[in-house]
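J.: This is what each chain is made of:
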Amino acid sequence: MPQINLVDLSAVEGVVEVKDLNLTIEDGLYTVVLGPSGSGKTTLLKVIAGIISPVKGRVIINGVDVTDMPPEKRGVGFFFQNYALFPHMTVRDNVSYSIRLQKTDEDLVRQTVDEMLDLVGLLDWADAFPNQLSGGMKQRVALARALARQSKILLLDEPLTALDALLNARLRSELVGIAKKLGLTVVHVTPDQEEAMEVAENIVVMKYGRVVQAGKEFDVYTKPCDPFVAYFLGETNFLEAEVCGEHAARFNGKTIETEVRLEGSHAVLAIRSEKIEFDKRGVNTLQGRVVNANFLGSLDRFEVDVGGQIVTVKTAKHTHRKIGDLVSLQLPPKDILAFKDKPEVEM
Amino acid sequence: MPKIQTINLVKRFEKVTAVNRVNFTVGDGEYVSIVGPSGCGKSTVLRMLAGLEKPTQGEILFDGKPVTGLLPEDRNIGFLFQSYELFPHLTVGENVEYGLFVRAVKKADIGSKSSELLKLVKLLQFSGYYPIHLSGGMQQRVALARALATGSRLLLLDEPLSALDEKAAVMLRYEIQKSSKRLGLTVIHVSHNQETALSSSDKIIVMRSGKVVQSGPPRDVYLNPSSPYVAYFLGDSNFIEATVTGQAEAEASGIRFRLPEKPPSRNVILAIRPEKAVLNDKNPASFNAVVMDVNFLGYTTEYAIQANELKLRVRTAKHDYLKKGDGVTLRLPPKDMMVFSDEFDLSRELSPG
Chain A
7 MPQINLVDLS AVEGVVEVKD LNLTIEDGLY TVVLGPSGSG KTTLLKVIAG
57 IISPVKGRVI INGVDVTDMP PEKRGVGFFF QNYALFPHMT VRDNVSYSIR
107 LQKTDEDLVR QTVDEMLDLV GLLDWADAFP NQLSGGMKQR VALARALARQ
157 SKILLLDEPL TALDALLNAR LRSELVGIAK KLGLTVVHVT PDQEEAMEVA
207 ENIVVMKYGR VVQAGKEFDV YTKPCDPFVA YFLGETNFLE AEVCGEHAAR
257 FNGKTIETEV RLEGSHAVLA IRSEKIEFDK RGVNTLQGRV VNANFLGSLD
307 RFEVDVGGQI VTVKTAKHTH RKIGDLVSLQ LPPKDILAFK DKPEVEM
Chain B
32 MPKIQTINLV KRFEKVTAVN RVNFTVGDGE YVSIVGPSGC GKSTVLRMLA
82 GLEKPTQGEI LFDGKPVTGL LPEDRNIGFL FQSYELFPHL TVGENVEYGL
132 FVRAVKKADI GSKSSELLKL VKLLQFSGYY PIHLSGGMQQ RVALARALAT
182 GSRLLLLDEP LSALDEKAAV MLRYEIQKSS KRLGLTVIHV SHNQETALSS
232 SDKIIVMRSG KVVQSGPPRD VYLNPSSPYV AYFLGDSNFI EATVTGQAEA
282 EASGIRFRLP EKPPSRNVIL AIRPEKAVLN DKNPASFNAV VMDVNFLGYT
332 TEYAIQANEL KLRVRTAKHD YLKKGDGVTL RLPPKDMMVF SDEFDLSREL
382 SPG
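Quick note, the sequences are listed as chains A and B, same order. Using our numbering, read the first sequence as starting at 7 and increasing by one per residue. Using our numbering, read the second sequence as starting at 32 and increasing by one per residue.
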């Protein structure tokens with residue numbers, strides 16, 4: 007049975023709107039809601055938590071309509087960006103606060119709190135006060151507090167955003183580990199597509215208050231249904247081309263062959279930067295000049311000027327190409343997608 | 032002569048030494064990134080260069096001349112901070128004109144100069160907008176245009192991308208890099224994002240606990256980290272604590288590894304990047320392992336692999352060909368092994384603080 011169902015949901019929070027949204031969050035999976043700021047992803051989370059009432063539509067958890075229930079009755083644990091801890095309480099008291107609302111057995115409370123602090127690696131800090139902790143540690147305390155409610159549903163609003171890179175990387179895998187260990191259904195909101203790809207099983211991409219695509223992470227990445235999804239998740243080139251056959255289009259004076267069927271007279275061909283190959287023979291080769299080269303560690307990224315259009319290429323192969331070099335790019339037909347338009351992109 | 036030089040730079044705040052004898056040089060037209068986790072002292076170094084903090088000891092030279100006594104406004108520097116700090120009551124165009132006004136550009140030239148800069152940051156059509164109507168990324172580009180408008184040849188960037196959505200941040204980081212190269216500016220960019228530092232810089236300075244631990248061109252530092260900390264902070268690495276068993280060989284968990292060179296100590300810390308480990312290549316040096324987990328990351332897939340007690344992460348561009356529980360062979364090519372002495376305390380090296 008799907009665990010969270012959102013039906014014809016509309017909600018407003020300041021200038022952000024969620025419009026006629028239908029979505030199923032699957033039981034026991036780690037779902038990431040991804041979108042630019044203002045796309046309505048946090049508002050959506052607040053509606054599920056019960057912090058905001060929808061203008062219309064229903065929120066159904068485990069088959070029960072919870073739309074009119076207060077947050078504490080919904081059986082969800084949540085963590086929001088402004089994770090204020092009580093400054094006058096120790097770490098232990100901060101975490102036990104949310105359980106004391108539900109339970110009275112002191113031993114049981116203590117045991118639960120210890121377990122949760124152990125999970126987030128802060129058992130040794132149980133008696134410390136918030137002002138003795140770093141930002142990352144405070145965030146983990148807030149996470150332990152959300153977990154301590156022992157709800158099977160955990161809602162996370164940008165839980166890693168305020169952390170520096172090392173902690174962010176570490177907590178990413180911790181979060182997934184904790185969720186799997188406890189068998190949680192997680193809804194994790196973030197604007198960061200790399201973070202999303204790392205933690206998600208399912209991905210929901212939002213834009214302007216609507217769901218653009220939802221599904222298994224692999225499917226959303228490899229089969230984007232909308233140019234915005236291809237743009238926002240990973241890095242994609244969009245080439246405006248004139249259709250000249252069912253599987254061929256003209257770009258920059260060259261014929262590009264595709265496996266996908268092309269319709270109409272005009273198409274936007276889309277290809278991921280990592281799918282383009284340097285100096286490989288075959289169909290679909292384009293000539294260009296390297297105008298920028300960036301070392302990204304495990305990858306090199308190049309910007310290549312092809313007849314006035316910049317094409318980006320990412321490669322893990324060692325290459326000594328540099329700015330000014332003439333190169334040939336090969337676009338494998340199987341990796342080319344086609345859309346009607348370029349993505350609508352906010353600058 | 033270097034554009035900027037610091038000599039034994041020290042900054043103490045009461046009992047805390049935030050910056051501890053820092054020495055580096057920056058050449059004219061170079062793009063230099065200072066990286067490290069929060070609290071490592073990188074922002075304090077930048078604030079001293081800007082004149083916003085006074086060094087406790089040491090000297091800062093611009094073009095060979097000490098500037099330690101100069102006020103920020105007398106140092107001829109352009110700034111970009113995490114918060115955009117635009118004037119909310121001025122339009123985009125007026126914000127940029129303010130930078131030109133500070134530089135005392137002739138009134139007749141202000142309009143065309145302003146247009147030129149807005150064109151550079153691709154915001155010419157938004158000249159009449161107020162900052163509140165722009166996205167974070169656009170506001171930060173206005174701030175960049177205004178910083179450039181002051182005409183200074185030196186640009187100091189303090190985490191200018193960290194308040195932006197990742198997508199906007201990546202786009203802007205390439206724009207800043209390209210604009211600064213086009214204009215021949217010297218840039219010092221403080222960042223906690225290792226990818227930004229690797230991609231934009233001519234030189235990286237890695238800091239930890241107030242000190243410079245390594246500096247050099249990004250590729251050199253990435254390929255030849257001087258400590259496990261640098262291997263971990265820049266990029267990503269697997270670490271294996273191993274015992275030396277031969278001239279260029281070490282063992283861990285019953286598995287023998289060929290090393291690229293004579294090891295520095297009896298016990299060593301081996302490190303290898305997830306993208307350098309090789310799966311299923313039928314090489315005799317491979318050993319058997321099991322796939323524990325699969326994580327699709329888009330351009331690459333990460334496999335959690337276990338061999339005896341060893342747990343390693345391996346990344347490859349091949350998707351969807353292994354699943355949890357599959358048996359595989361794994362090889363760690365000697366040329367890609369990084370070998371460190373066991374004098375390093377691994378848990379301390381990898382702790383965030």
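Don't read these hints as lab results, they were simulated from the structure. Just so you know, these numbers come straight off a predicted model, no measurement behind them. Don't take each hint at face value.
[As the list claims (entries may be wrong)] Partial chain A-side listing against chain B, Cβ under 8 Å, derived:
#, residue
1, Asp170
2, Gln199
3, Glu200
4, Val218
5, Ala220
6, Glu223
7, Phe224
8, Leu239
9, Glu280
10, Asn298
11, Phe301
12, Leu302
13, Arg307
[Unchecked claim] Simulated crosslink set (DSBU-like; lysine-lysine; CA at most 35 Å straight-line):
#, chain 1, residue 1, chain 2, residue 2
14, B, Lys46, A, Lys222
15, A, Lys328, B, Lys150
16, A, Lys340, B, Lys354
17, A, Lys340, B, Lys46
18, B, Lys212, A, Lys186
19, A, Lys348, A, Lys222
20, A, Lys323, B, Lys355
21, B, Lys313, A, Lys186
22, B, Lys153, A, Lys25
23, B, Lys313, A, Lys222
24, B, Lys46, A, Lys144
25, B, Lys46, A, Lys286
Yeah, the Cβ is synthetic: ideal placement off N, Cα and C, and Gly gets one too.
J.: Does the interface hint hold: is Leu239/A within less than 8 Å of chain B, judged Cβ to Cβ?
T.: 7 Å, holds
J.: Let's test the interface hint: is any C-beta of chain B closer than 8 Å to that of Ala220/A?
T.: 16 Å, violated
J.: Below or equal to 35 Å on CA atoms is what counts here, so check Lys328/A against Lys150/B.
T.: OK: Lys328/A and Lys150/B at ~26 Å, within 35 Å.
J.: CA of Lys153/B to CA of Lys25/A, is that 35 Å or under?
T.: 32 Å, holds
J.: Holds or violated: Phe224/A as interface residue toward chain B, Cβ cutoff 8 Å?
T.: Check passed: Cβ of Phe224/A comes within 5 Å of chain B, closer than 8 Å.
J.: Below or equal to 35 Å on CA atoms is what counts here, so check Lys323/A against Lys355/B.
T.: Distance of about 27 Å is within 35 Å: holds.
J.: Could you check if Glu200/A really has its C-beta closer than 8 Å to a C-beta on chain B?
T.: Where the cut-off is 8 Å and the nearest Cβ of chain B is about 7 Å from Glu200/A, the hint holds.
J.: Is the interface hint for Glu280/A satisfied, with its Cβ closer than 8 Å to some Cβ of chain B?
T.: At about 4 Å, which falls below the 8 Å cut-off, the nearest Cβ of chain B leaves the hint on Glu280/A intact, so it holds.
J.: Just to be careful, I want the Cα atoms of Lys313/B and Lys186/A compared with a cutoff of 35 Å; is the pair within it?
T.: 34 Å, holds
J.: Should the hint that Asp170/A touches chain B count as held when the rule is a Cβ pair under 8 Å?
T.: 5 Å, holds
J.: Given Leu302/A as an interface hint, is its Cβ closer than 8 Å to any Cβ of chain B?
T.: 5 Å, holds
J.: Quick check on the hint: Gln199/A CB to chain B CB, less than 8 Å?
T.: Result: holds, 6 Å to nearest chain B Cβ.
Going down the numbered hints, you'll see the structure goes against 4, 5, 14, 17, 18 and 25, while the others check out.
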